[in-house]
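S.K.: Okay, here's what each chain looks like letter by letter:
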Amino acid sequence: MTLRGKIPFLAGLAVALGAGWVGFPHAIYRSRPQPVDFSHKVHADKAGTKCEDCHSFREDGTFAGLPTVDKCAGCHAAPMGATVAEKNFIDQYVTPNREPRWAVYARQPTNVSFSHIAHVKRANLTCESCHGDTGSSSTLRPYQADRISGYSRDIWKVQTTQAGKPMAHGMKMADCVECHRRKGLEHSCLDCHK
Amino acid sequence: MKTTRREIMMFAGGSAVGVLFTPAPWRLITDTALWSENWPGIPVPARGEIRARYTNCSLCPAGCAVRARCVGDQPVALAGVAGHPLSHGALCPFGLAGHHLPYLPSRVKQGPVKEAAAAVADGIAKCGPAEYIVTLDLRPARTASWTYRRAMAAIKNGRYVTPSYDPPVAVDFAKARTPSSDRSAAVDLAKAPTHPSDAWMAADLTRARTPSSDAWMAVDLTRARTPSSDGSAAVHLAKAPTPSSNAWMAADLTKARTPSSDRSAAVDLAKAPAHSSDAWVAVDLARARTPSSDASVAVDLTKARTVLSLGVALLDGWGTPGNVIAARPGFRLIQAEAVESRTASMADWWLRIRPGSEDALAQGLAGTLTRAAAAEATGLAESEIAALAAELKDNGPVLVLGSSRLESTGRTIVTRRETPVPAEWRKAAPVTGLASLPDGSIRVLIIDESTPGAYLPWKAIEKKLVADNPVVVALAWSREGYGRHAQYVLPVGVYPEVAGDIPPAIDSVAATFRISTPLVAAPGGCVKPEEFIAGAAGLPLTDTLHERADAIHKTGRGTLFTYADAKSAALKDISAEDFWKALNAGGCWIDTPDDKAAVARLAPTVAQPRSSEESELPLAVVLSQELTPASPILSKLYQESNLRLGPNRVALPPSSGLEDGTQATLQTVLGKCAVQVTLDAGVPAGLVRVSASPAILDLCADGARAKVVRA
Amino acid sequence: MISANKQIRAARYGMTIDVDRCNGCGACMVACSIENNVPPAHEGATDRKGLTWIRVYKVDNGEEYPNRRTAFVPVMCQHCGHDTPCVHVCPQQAVDVDPATGVVGEMPQRCLGCRYCVAACPYHARYFNWWDPAWPAGMEKTLNPGVTPRMRGVVEKCNLCHGRWHAAKELAAAAGKPDTEPVDYVPACAEACPTGAIQFGDLNDHASLPAKAAAEPGSFRLLEKLGTEPKIYYRSKKDWVRGIAAAPRPGAAGKETVRG
Chain A
1 MTLRGKIPFL AGLAVALGAG WVGFPHAIYR SRPQPVDFSH KVHADKAGTK
51 CEDCHSFRED GTFAGLPTVD KCAGCHAAPM GATVAEKNFI DQYVTPNREP
101 RWAVYARQPT NVSFSHIAHV KRANLTCESC HGDTGSSSTL RPYQADRISG
151 YSRDIWKVQT TQAGKPMAHG MKMADCVECH RRKGLEHSCL DCHK
Chain B
195 MKTTRREIMM FAGGSAVGVL FTPAPWRLIT DTALWSENWP GIPVPARGEI
245 RARYTNCSLC PAGCAVRARC VGDQPVALAG VAGHPLSHGA LCPFGLAGHH
295 LPYLPSRVKQ GPVKEAAAAV ADGIAKCGPA EYIVTLDLRP ARTASWTYRR
345 AMAAIKNGRY VTPSYDPPVA VDFAKARTPS SDRSAAVDLA KAPTHPSDAW
395 MAADLTRART PSSDAWMAVD LTRARTPSSD GSAAVHLAKA PTPSSNAWMA
445 ADLTKARTPS SDRSAAVDLA KAPAHSSDAW VAVDLARART PSSDASVAVD
495 LTKARTVLSL GVALLDGWGT PGNVIAARPG FRLIQAEAVE SRTASMADWW
545 LRIRPGSEDA LAQGLAGTLT RAAAAEATGL AESEIAALAA ELKDNGPVLV
595 LGSSRLESTG RTIVTRRETP VPAEWRKAAP VTGLASLPDG SIRVLIIDES
645 TPGAYLPWKA IEKKLVADNP VVVALAWSRE GYGRHAQYVL PVGVYPEVAG
695 DIPPAIDSVA ATFRISTPLV AAPGGCVKPE EFIAGAAGLP LTDTLHERAD
745 AIHKTGRGTL FTYADAKSAA LKDISAEDFW KALNAGGCWI DTPDDKAAVA
795 RLAPTVAQPR SSEESELPLA VVLSQELTPA SPILSKLYQE SNLRLGPNRV
845 ALPPSSGLED GTQATLQTVL GKCAVQVTLD AGVPAGLVRV SASPAILDLC
895 ADGARAKVVR A
Chain C
906 MISANKQIRA ARYGMTIDVD RCNGCGACMV ACSIENNVPP AHEGATDRKG
956 LTWIRVYKVD NGEEYPNRRT AFVPVMCQHC GHDTPCVHVC PQQAVDVDPA
1006 TGVVGEMPQR CLGCRYCVAA CPYHARYFNW WDPAWPAGME KTLNPGVTPR
1056 MRGVVEKCNL CHGRWHAAKE LAAAAGKPDT EPVDYVPACA EACPTGAIQF
1106 GDLNDHASLP AKAAAEPGSF RLLEKLGTEP KIYYRSKKDW VRGIAAAPRP
1156 GAAGKETVRG
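Chains as they are written, first to last, in my numbering: chain A, 1 to 194; chain B, 195 to 905; chain C, 906 to 1165.
Please keep in mind that the hints were generated in silico from the structure rather than gathered at the bench. Cβ coordinates follow ideal geometry from the N, Cα and C atoms, glycine included. None of the hints are false.
For lysine to aspartate or glutamate, the following DMTMM-like pairs were computed, each having C-alpha atoms within a straight-line distance of at most 20 Å:
| hint | chain 1 | residue 1 | chain 2 | residue 2 |
| --- | --- | --- | --- | --- |
| 1 | B | K308 | B | E725 |
| 2 | B | K766 | B | D788 |
| 3 | B | K303 | C | E1045 |
| 4 | A | K194 | B | E243 |
| 5 | C | K1142 | B | D542 |
| 6 | A | K194 | C | E1061 |
| 7 | C | K1082 | A | E59 |
| 8 | B | K775 | B | E741 |
| 9 | C | K1046 | A | E99 |
| 10 | A | K172 | B | D225 |
| 11 | A | K172 | B | E231 |
| 12 | A | K41 | A | E86 |
| 13 | A | K194 | C | D1037 |
| 14 | B | K748 | B | E612 |
| 15 | A | K194 | C | E1045 |
| 16 | B | K866 | B | E656 |
| 17 | A | K71 | B | E243 |
| 18 | B | K350 | B | E725 |
| 19 | C | K1082 | A | D191 |
| 20 | C | K1143 | B | D542 |
| 21 | A | K183 | C | D1084 |
| 22 | C | K954 | B | D854 |
Taking beta-carbon pairs under 10 Å as the criterion, some of the chain C residues facing chain B (in silico):
| hint | residue |
| --- | --- |
| 23 | T951 |
| 24 | K954 |
| 25 | P971 |
| 26 | W1040 |
| 27 | T1053 |
| 28 | A1097 |
My request is simple: use the sequences and hints to build the entire structure.
M.R.: Below is the structure:
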């Protein structure tokens, strides 16, 4: 092939690679900020809270997930600091007793049955091993979801945290299976699906 | 330089190759697959904390205990409460889906409440001297029923009406126990001397009926026992009080025994042993409950060794199903029924009788009808009837169940104290039947259709309304019942939105009190029937359930069973406040059984056999009833399988010529109704089994003649 | 596929059903539908196109009154243990037999809706979603979060209430029990049955009712001669019921008829 033939080909190649690697991720995800500008770091440092203080297990072993506004109101009935974010939170959510519409980064599809307690108590996994350094972040990054499937971007890989280190793996089925296979814990589809 | 086609193609080729090395196509494939699986419109279940809440099911008089599994506060599944002394943890298909009822599509949510109240007030003001303001209560004996009675008492010409039963067709089984079968053993009461010394034992109580009124003269044979050594019993008819038309006194035949057997005219109840356990008694269920006494009757299945059911669906929703199931191994069940119902297929002996011949069978057994006549009426062989009679004689204690009456030996029928009420409530209107009101006399009729109960055909009600502008208000959850006929349909809450109590079931030997605690809130437009009716009467309404609980607590009797911990405690050890809290959190009060009181028993009579309708219509109707309201999930039993006969469906024998699933029309002399056909080999030729709905009950009763034609 | 290096005590969950106790009330069918988010029937649904993961059939001995006898037989997925037919035929490998519990698990999300398994199942225990699930307005609030609703075009069937198994496992983990033990739970049908006709348990646990029933000579399974080794054991004192259970199709053993 002559050089003349190669140029359009290489140009096409370059354009496609550029669009695919840069443009496509930008286009495929929609983004929305979290309703409250919450800082994990402040609560960890100043209030001395650990993950399980707010993200707790109930007696029957189920995971309570995100705390409801009455948990926050336990301390924040009145402003405890001077930030605008806290004031907005109290005005919009605590006082009218309204739940913030949090976007859950790690939300799995409805057909997945994931047991937090099995992984925390039996496998002794730390929160960070799947959720990354969220606990030391001082803001909540925007929630990004795939426009077509609706799944959170974190399923593929937890995005960079404040500390700047992306997680090594995500929360796709293949990621779970890889660890389960290593530990000899895969028996049947319905172990993890419902 | 001009761009050639070749260059464009090379560019495209390069892009195509390049794209394959980017995530784009692979992600789009995955996304498309995911998108195709997450179809819009597939609901996602709500997430939240799983909690247990407790209540009692108010869909039928069984009032089974319910444990609701809730996500947050929303019930998502219901189950029974294991270890419950009455329901034994059982819950029927309707109760299991009770949490769906608030979302029934056919629900009425809005209604002309103000207009209805104004019309009722207007009607009350205009009510003439021979006219009545009537509340028709389809499920009587609730706490709300007492409020209606008090409200009607507060209105001039107010009447409280419940669905009345057919006149008692009791059988004198006492006559069946004569030593020789040719001795009728009936005694002409008119000949009974007034003086007790002549050792007469009078027992022809049919003659005791005074023709001038509907009132029964009852015989208090307890007074008839003389202490004289020959133990003869006599009747002081003159001294027998004549009851008013509402109060019944029954004859306690157990006490009427005479020891001497050569008194030819005596009913030889001497053969009835001293213990009342072998004496036959007849009880008219409807009439045995007297407003003036605290007693009603209940059936103790645990005491029966043989049960003869005359068409009663004993194993399919009668009484408290959990209790029936628990008692079932203890008795032999003989089911006399025209079709092979679920009870007939589970019974130890199924007697396939002609529809409507239950009374003939009972009388054939008792000897008041010859065996031949009974055999002809029922279609059974005389030998079968003889075998049945022998079995009833030898395998007691026996319980005979008919739809409106019971007969028994032994302590299978017992008296039950009424659940206590506050004393002030007793100033209430008496319970009357619709038949006791003259035609064309009801000016205002309020029908409480809020809890499932009996449905009286509209024609029976319509003729009692005044001719000019009667006011009819139906308090109902749907328009399919009396809503089709009433002027005003006011929406009410359904189970489990409504707080109310469930009266004790027929097989509950002790009085009970259980509250159906609301699990979800009723829609905003709903009316509380108690408030509406009390408001119409100007009766100030208080927390009647709480007052009743307090009245019960004052008696100090009985036990409280709490559902959360499945424990029983004596009522006297609990404070009134804790009692009220426990009842609302899921609990049940059970009285101590009333061992001492004598059962109020009805004087038996010889029935007139029902004459069959003359008709050209080829089929006889046998009704079956499913509980309503029912969740759409019951389609599993009605539509997606043939297990149960859903409302507005008919079952025909396979020989009928119609196919399964055909849309058809049921025709009776009173009209037509659209139905769907199911084929069932358990239905004999010449019969059609019809699953009742209000529309069908307006057209036919049990035994009506009908025709089913393809639509 | 249990990896060799993991020691678990495998369970074989099964049931024993006393046909003589079943009174045909249908409580099991309703409880199953509620637990598993099975929608109410579409308008066009009949008994051939409905979704009844458990279905109670009324069987009779084919005789006329007074020799006519009937019985009610609840049938759900029999969880075949040997040569499981539906597992063999699935082109998507959307069904598998769990070696840890013996449950034949269907993955509706993987199913492509060819219905080969519906044809292969000798017990007619598999159901195809002909329509999208639809609940009356507001009734979606009553859905069970432990089970995911399926879309149209996929096959679904009884999985011995695996949602309850998951919940029981979480409870066991919370109580600190080891992962290697089978968990104790009750499926919705067994819990709802008012007569106690359906009893659930671990066939590998000799003390459980199904294990005891399986050992009794009077117990029988449906279509045993096919060799599928189902885990649902039935009991009845009536010989003609055993005859129906052994027959390859209704009426083949004699005059018996089956209608559901």
